[in-house]
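As you go down the protein sequences, you meet chains Z and L in turn. Here the first sequence is numbered in my numbering, starting from 8 and rising by one per residue. Here the second sequence is numbered in my numbering, starting from 8 and rising by one per residue.
In case anyone wonders, no lab produced these hints; they're calculated from the structure. Do not rely on the hints blindly, as some may be mistaken.
[To be verified] Derived DEER-like restraints, expressed as beta-carbon distance ranges:
#1 Glu349/Z <-> Pro181/L: 54 to 62 Å
#2 Pro290/L <-> Glu70/Z: 33 to 41 Å
#3 Gln456/Z <-> Gly251/L: 51 to 59 Å
#4 Leu470/Z <-> Glu191/L: 55 to 63 Å
#5 Gln193/L <-> Asp121/Z: 25 to 33 Å
#6 Arg48/L <-> Arg46/Z: 36 to 44 Å
Every residue, glycine too, gets a C-beta built ideally from N, C-alpha and C.
2 protein chains.
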Amino acid sequence: MNGAESLVHTLADGGIEVCFANPGTSEMHFVAALDRTRRMRCVLGLFEGVVTAAADGYARMAEKPAVTLLHLAPGLANASANLHNAKKARTPMVNVVGDHAVRHLAFDAPLTGDVEGAARPFSHWVRTARTAATVANEGAFALHAAQSFPGRVATLVLPADTAWEPGGSPVATPEAAAPEPLAEAQIAAAADQLARDGSGSAIVLGFRTLTDPATLRLAAAVAERTGATLLSPTSNPRTERGGGLPFIPKIPYPVDDALALLAPVRHCVLIEAAEPVAFFAYPERPSRVLPESCHVHALARPGQCGREAIARLAERLGVEADPATSPGERQRAPTTGGLEPELIAQAVAAHLPEQAIVADEGLTLGRAIYAATRDVVPHSWLSLTGGAIGIGFPMATGAAVACPDRKVLALQADGSGMYTPQALWSQAREGLDITTVVFANRGYQSLKQELFKVGANPGRTALDMLEVGEPALDWVSLAKGMGVPGERVRDAPGLSAALGRGLASPGPYLIEAAVA
Amino acid sequence: MNGAESLVHTLADGGIEVCFANPGTSEMHFVAALDRTRRMRCVLGLFEGVVTAAADGYARMAEKPAVTLLHLAPGLANASANLHNAKKARTPMVNVVGDHAVRHLAFDAPLTGDVEGAARPFSHWVRTARTAATVANEGAFALHAAQSFPGRVATLVLPADTAWEPGGSPVATPEAAAPEPLAEAQIAAAADQLARDGSGSAIVLGFRTLTDPATLRLAAAVAERTGATLLSPTSNPRTERGGGLPFIPKIPYPVDDALALLAPVRHCVLIEAAEPVAFFAYPERPSRVLPESCHVHALARPGQCGREAIARLAERLGVEADPATSPGERQRAPTTGGLEPELIAQAVAAHLPEQAIVADEGLTLGRAIYAATRDVVPHSWLSLTGGAIGIGFPMATGAAVACPDRKVLALQADGSGMYTPQALWSQAREGLDITTVVFANRGYQSLKQELFKVGANPGRTALDMLEVGEPALDWVSLAKGMGVPGERVRDAPGLSAALGRGLASPGPYLIEAAVA
Chain Z
8 MNGAESLVHT
18 LADGGIEVCF
28 ANPGTSEMHF
38 VAALDRTRRM
48 RCVLGLFEGV
58 VTAAADGYAR
68 MAEKPAVTLL
78 HLAPGLANAS
88 ANLHNAKKAR
98 TPMVNVVGDH
108 AVRHLAFDAP
118 LTGDVEGAAR
128 PFSHWVRTAR
138 TAATVANEGA
148 FALHAAQSFP
158 GRVATLVLPA
168 DTAWEPGGSP
178 VATPEAAAPE
188 PLAEAQIAAA
198 ADQLARDGSG
208 SAIVLGFRTL
218 TDPATLRLAA
228 AVAERTGATL
238 LSPTSNPRTE
248 RGGGLPFIPK
258 IPYPVDDALA
268 LLAPVRHCVL
278 IEAAEPVAFF
288 AYPERPSRVL
298 PESCHVHALA
308 RPGQCGREAI
318 ARLAERLGVE
328 ADPATSPGER
338 QRAPTTGGLE
348 PELIAQAVAA
358 HLPEQAIVAD
368 EGLTLGRAIY
378 AATRDVVPHS
388 WLSLTGGAIG
398 IGFPMATGAA
408 VACPDRKVLA
418 LQADGSGMYT
428 PQALWSQARE
438 GLDITTVVFA
448 NRGYQSLKQE
458 LFKVGANPGR
468 TALDMLEVGE
478 PALDWVSLAK
488 GMGVPGERVR
498 DAPGLSAALG
508 RGLASPGPYL
518 IEAAVA
Chain L
8 MNGAESLVHT
18 LADGGIEVCF
28 ANPGTSEMHF
38 VAALDRTRRM
48 RCVLGLFEGV
58 VTAAADGYAR
68 MAEKPAVTLL
78 HLAPGLANAS
88 ANLHNAKKAR
98 TPMVNVVGDH
108 AVRHLAFDAP
118 LTGDVEGAAR
128 PFSHWVRTAR
138 TAATVANEGA
148 FALHAAQSFP
158 GRVATLVLPA
168 DTAWEPGGSP
178 VATPEAAAPE
188 PLAEAQIAAA
198 ADQLARDGSG
208 SAIVLGFRTL
218 TDPATLRLAA
228 AVAERTGATL
238 LSPTSNPRTE
248 RGGGLPFIPK
258 IPYPVDDALA
268 LLAPVRHCVL
278 IEAAEPVAFF
288 AYPERPSRVL
298 PESCHVHALA
308 RPGQCGREAI
318 ARLAERLGVE
328 ADPATSPGER
338 QRAPTTGGLE
348 PELIAQAVAA
358 HLPEQAIVAD
368 EGLTLGRAIY
378 AATRDVVPHS
388 WLSLTGGAIG
398 IGFPMATGAA
408 VACPDRKVLA
418 LQADGSGMYT
428 PQALWSQARE
438 GLDITTVVFA
448 NRGYQSLKQE
458 LFKVGANPGR
468 TALDMLEVGE
478 PALDWVSLAK
488 GMGVPGERVR
498 DAPGLSAALG
508 RGLASPGPYL
518 IEAAVA
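Isolated chain Z (complex conformation) (with noise of 0.2 Å):
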């Protein structure tokens, strides 16, 4: 057995079933390994972001981690946008990059670079593999590195002799290793302070704790007793909604929304989340969006579990969760107007399929839709997590291969979307069942509004800079290429009807809402 074939058989033995890619000359090794073993899915990519963000979104909704096989230092480079945001939402996930054989390093080959040096910024865990004797091992120890709760993301770069030179077997992955533990003691001060003044108190729940009902209702059920407010930060990589539980506010994106709603806060709970900051830094504003007097409580970091430490702070307080659910509100579809927010955002919301996945890359219409949405039918919603913006049709795109029997509905802005396009073809070749709306606003808009935040008082040239809209995009043709049907909508009732047309055949299907 060759050293390929050692890294495939461990990893499925580990339990990845699907492998992400976009390989070269340096990976047909391992290419041929996953042809001969049959032990993975292969779902191919035009372009590397569309790889890492696929798996990224994979992860989110199979709850284990693909694996991704990528090109050398510009095929890493290339998925590192997605691997950034994928980090930043903790996501596990295995990336094997092929090198040149070892003894080819040393010749400056045109395609030679720093393959381990391109992975340090974007990845938890980098090593190179040695040996065909000891990759599996090597990948091993990626595949339990990137399994570290609640996930990491680990990249074992794969010098291509180490995958055609024989003398490799698999290895079993050693058990993930549990969180680390909490400390009882902050967990008995924040139960005293909310029981003492809940009402000043601010409880913010991030990663996994969103991902399960039983937590969420838990929250909420403290929430309720001791009159503290929750919240979720802005970005965060998965939380169910919809179905009766409880709908958690995100701190909000801009820094003067997230300054003011966070300005009455004394206390501030922190439950497997960071302190709240804002998302860039501005010349008149501070980075922390807490009050300076403001004490933080944090329960659980990011590598601690959230879910515990709910459990353990509801259980000092005395508090059990109302175990209700209910089907959602079914919203009204709207008849008349135009593509405004609130219209779209209805629209959304009327024709959102139970169980939906909702992958979102809308951003500020991505947060009308949000907002619209609390009380529908259960469904998951995915969002972008590391600010790096292309993730939105590859992680739409991931999640519909994890969930085969479940509807996913994209939410795209256009100039967002014009990062990663390739993922369309994806979804046509794999046939998964998306729908995406792109809200062709014809600009960077969240970027004009900085401008103008950052007192730049721009002219013609800055403005132009972001402007999408000269040419327009044509979003239905540029489906069309790539194998996607599709249609342009311009108002409300279209929109509508071509969410019903979209949601309710197989397939992908994409609609262009001209908003402006």
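The hints should help you fit chain L onto chain Z, whose structure is shown.
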């Protein structure tokens, strides 16, 4: 004057006229400074890989750097595959990469990342600006580094507060350093060897030797006098060709072809070229493609002046160049036949305009066309230098920005074209005079050859990973989606007619050659 304005003035005073940009919030003050100073043409790219390849194509033609504007570590990562190509091409380039304000970095906001770490594998020079008062000085150093002979990729990280704070003032950029001196003794030894037994010698000409017609003629005279063979590396940033200039064959990309060609070489004279090596390592093939017994004479490394090396070599041999030029031969366009490589090449050779710039990411077909255009009208040929696919569309874009009075012909393989198709939008927006031929063979043909070459005996899963034909990419629709008109052709006369139409009309045009 704030730091951003002082930096813009410094770079403009140093000769930079164009900024290729994909900005975000942290670059808004630099954008505002570009706006207020009006000292640079700003060209927007919808994806960062477009920005850096355009700056590369621009610099290859303008023979001076452009500046790129990029957003944080993920934006830099998206730009890096084409930075890799630019670094291998030794293209002068200054990247300005925004980062969070220094005070904001401690808070690990979602977009926080290691910008310097991400830059280092893909840049020759990396520095982070410290204060608004010193940023101009750091910019001058970056520009000076970029202009080191023959060119370097310099990356300046610009924390937002060093851009927005006051206290900046422009700085003069030091003169570019002269190339490293040549070793006269080596030139003498090579001249003696060539005079004694030229017929077993190969002279490999790289980098700037290929862009100077006088140098090419002199090298040809040396070869004619001594019986030596002229060669160039597999990948070259820019080659001046046609109009009676000597044809310099490239060392073939397929390793077996390179080994066969070089087998008789007993002496190899390298002039601005590294020793030729295989593009990739293969199990049963050497990394070095020169015979083991071959003597290597490194007259000029990249960084030394090959033009001077050839002049001195010619002087020692008493050789003078024949200055005669020719208008080049005009080939007849094919009037019948399908899209076979030789007929495609014939159609291109027949239609290539005088002083055209060819941006070649045509891979296999690009090689056929390279051979067929050896004796046509004068033109410049730009190649993929670092093997990181996805340079074609944007390199053509940058070349057209540099030379508005010349026609640009882009030769584009379809698999590679899907890495940076967004460049078509910039072509439409800027009204650039570029005709693109996409060779739609619906697969990664070179990878298929590689899969067989590594002896992997591929099955269905493996071959599926190298097919992009299901669904077929519809390049005419993709181009339309980005505002570029186009057509599909299915035979040689159709291609010929379409080339005529595209090259005769101003602005961008795309031809999908359905070769499979």
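Cross-check of the supplied hints:
1. The supplied range of 54 to 62 Å is met by Glu349/Z and Pro181/L, whose beta-carbon atoms lie about 58 Å from each other.
2. Separation of Pro290/L from Glu70/Z is about 39 Å and conforms to the stated range, judged on CB atoms against 33 to 41 Å.
3. At roughly 58 Å, the beta-carbon separation of Gln456/Z and Gly251/L lies within the given 51 to 59 Å, and the hint holds.
4. Look at Leu470/Z against Glu191/L: about 58 Å separates their beta carbons, and that is inside 55 to 63 Å.
5. Distance hint check for Gln193/L and Asp121/Z: the Cβ-Cβ separation is about 31 Å, which falls inside the suggested range of 25 to 33 Å.
6. One distance hint, 36 to 44 Å for the beta-carbon pair Arg48/L and Arg46/Z, is violated here, with the actual separation near 53 Å.
Against the hints set out earlier in the document, a violation occurs for number 6 only.
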